[in-house]
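Colleague: Spelled out from the first residue to the last, the chains are:
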Amino acid sequence: MSVLRAHFHSRTFRTALHALRRNAMRSALTTLGIVIGIAAVIAMMEIGTGSSRAIQKSIASMGADNVIVMPGAAASGGVTFGGGSAMTLTPDDAEAILRDCPAVRAVAPIVRARTQVVYGNRNWVPLFVFGTTPSFLDVRDWQNLAEGEPFTDQDVRSANKVCLLGQTLVRELFQGASPVGQEVRVKNVSFRVIGVLSPKGANMMGMDQDDVIIAPWTTIKRRVAGSTLQNVNQSAAAAQDQVNTLSRIYPGSSPLYPVPSAVQAADTPLPVRFVNVDQILVAARTPAEVPIAIRQVTQLLHERHRIRPDEPDDFNIRDMTEMTRAMSSTTNLMTNLLLCVALISLVVGGVGIMNIMLVSVTERTREIGLRMAVGARGRDILRQFLVEAVVLCLLGGTIGILLGRGGSLLVRTVMRWPTELSPGAIIAAVAVSVSVGLIFGYYPAWKASRLDPIDALRYE
Amino acid sequence: MELIRLEDIHKTYYLGELDVPVLKGISLTIDRGEMVALMGASGSGKTTLMNILGCLDHPTRGRYWLDGQEVSRLSADERAYVRNSKIGFVFQNFNLLPRTSALENVIMPLSYTPTGISNREARARGAELLNLVGLGDRMDHEPSQLSGGQQQRVAIARALVNHPPLLFADEPTGNLDSRTSEEILRMFQQLNRDEGLTIILVTHDAGVAQHARRTIHIRDGVILDGAATSHPPGEPAACGPLEAMS
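Protein chains in written order, with the numbering used here: chain A, 6 to 465; chain B, 503 to 748.
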């Protein structure tokens, strides 16, 4: 029986194809509405997906995929010192995060300072003095330097006095001249400028992200920032007794205490100094994976810091919720807009189909009468015209998909817009063209099926 | 043996307030293997009677047995099935599908046969019938490439594709010249003689009607003569189910 049904359906399908071929030109023109509609949908979806991916990428470069791990608040006798005042995060934490959290793409420990940078007779207090690792540039999506080279892991290990300058700093200190190879002084420590960052503009808070100096965190930690809370005034800071290799400002001054011999040093080992960082910058693999990354980092730090479930965390994790929300709303808006345009064009195409199918029913009244006379039931006629409309729309949809793909390819090659193949759009296009055929083919088909064979046969 | 039996068939059309009786009590029987001409002037109710006989329409009153089945009270779908399986139609204007080959035209009714046969079987049967009507070499021709007589032969082949016991021909020669008309009528006679097909020729042309062995005249919705089967003397009259009941 199923074989017979298959025969039956294949025959209905072939009858429909045949009927369409009998009026090939008109069928082609009729389906043009669907072709254009679907082609527009596909092309726009591909261009739209490409652009929204590009927008996502640029928003991601603003740090939408970033997660900031801050140490918790220190408190003494009921007095807290605010977020980030506890010294609980270590560089090892950063390495462990990168190693053990699969949703994390890159990690950069950060040591901050707020101090003066001097070059020649000019000075400037940059907004950000960051001590970090080379992966900072990866995390912030800042790999393209305007000039020079980034520092290396080797520089971090040996605490080399090298730095990268942001555009604002270059403008203020060097007035447009190339700073690469020059030396700037940060709190009397001389840093060789090995690169200049590309301009990045203000961040979401309106802070100038180019007003920055980046150096290996070991260098900043050991030579510039004694602790995180520093006086801005370099001279005042220098007056304090800081660990600073270049602090012998006045030549000839002798050390207050005699230098210990090697044996003495070996006998009295210095206590291992606990090295902390001010924050850890974590980049998730994609903005969508940010929540997963946060969960993984939280769990890892719980284990590493041995925090029992009932204890408060000694760290805080912040993400760019606002930014992600802006991004997803941008994408949603774009998709909905395209959907509206697509729907309108398809409805127009569908009305065209209905129109021509009605004409076709009138024109083929005699044929319908004949088919009924030789035994076609109303529902056979209904099915035949429905199948015809659906086949017409499907053909139109297929051509439209090809045209749309071709169009988006053209846009890609000629105008260099980013486009992206969207399988969802293709599936939707097929589904929509079938539904358009069903919806707009139904009325004419129903009309055909309600004809009286006697009148239909005599119709002139 | 009886193929058709009409009992007091009435057909009235209701045009608003006005009742228009077209058939006023028609009773007739047609045996299997007969070739009957149904004659009448236009307006006589001939076409209405043919529509009822051909199961295209149902009577307002009265009963109709076709091949032992009461068909006067069937639904539209059931009548479609009866038309498909038991009746072949040949029309005055051929009614072939344009831009469709002769073979495709012939096997078209098979699309609506519920039992369904494979495409290859259908084509074989269509080819066989086209051979029977003498168009074996024109199977792939479209109607526009065929003469009127050839088109009518394709239509005859189409009418026979489901092996119906009954063939209706509604003015089959109305659009043909006299020589071709003669050919087509001879073909009907041959089909009637060789295949045992029951044929009803609906016509207003006495020249056509005389090719039939029996003529039923209808005027003003009643049968003038030829209502009963012309049994050879000595043979008992057919005993229909109605008579058995009453």
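To be clear, the hints were calculated from the coordinates, so they are not data collected in a lab.
Hints should not be assumed to be uniformly reliable.
[To be verified] FRET-style restraints, in silico, Cβ to Cβ:
(1) Pro-616/B - Leu-407/A: 47 to 53 angstroms
(2) Ala-29/A - Asp-521/B: 28 to 34 angstroms
(3) Asp-639/B - Tyr-448/A: 42 to 48 angstroms
(4) Tyr-464/A - Ser-680/B: 25 to 31 angstroms
(5) Glu-684/B - Leu-34/A: 42 to 48 angstroms
(6) Val-522/B - Leu-407/A: 38 to 44 angstroms
(7) Asp-521/B - Ile-432/A: 58 to 64 angstroms
(8) Tyr-448/A - Val-522/B: 30 to 36 angstroms
(9) Glu-368/A - Asp-696/B: 19 to 25 angstroms
Glycine included, C-beta positions come from ideal geometry on N, C-alpha and C.
Colleague: Give a verdict on every hint.
Modeller: Outcome of the hint check:
Here the CB-CB span from Pro-616/B to Leu-407/A is close to 39 angstroms, at odds with the stated 47 to 53 angstroms. For Ala-29/A and Asp-521/B, the hinted distance range of 28 to 34 angstroms is not satisfied, since their beta carbons lie about 49 angstroms from each other. Checked against the hint of 42 to 48 angstroms, the C-beta distance between Asp-639/B and Tyr-448/A comes to roughly 44 angstroms, which is consistent with it. At about 29 angstroms, the CB distance of Tyr-464/A to Ser-680/B agrees with the hint of 25 to 31 angstroms.
At about 46 angstroms, the beta-carbon gap between Glu-684/B and Leu-34/A stays in the expected band of 42 to 48 angstroms. The hint said 38 to 44 angstroms for the Cβ distance between Val-522/B and Leu-407/A, and at roughly 59 angstroms that hint is violated. Between Asp-521/B and Ile-432/A the C-beta distance comes to about 59 angstroms, which sits within the given range of 58 to 64 angstroms. Against the hinted window of 30 to 36 angstroms, the Cβ-Cβ separation of Tyr-448/A and Val-522/B comes to about 32 angstroms, which satisfies the hint.
Under the hint 19 to 25 angstroms, the C-beta atoms of Glu-368/A and Asp-696/B, about 39 angstroms apart, miss the expected range.
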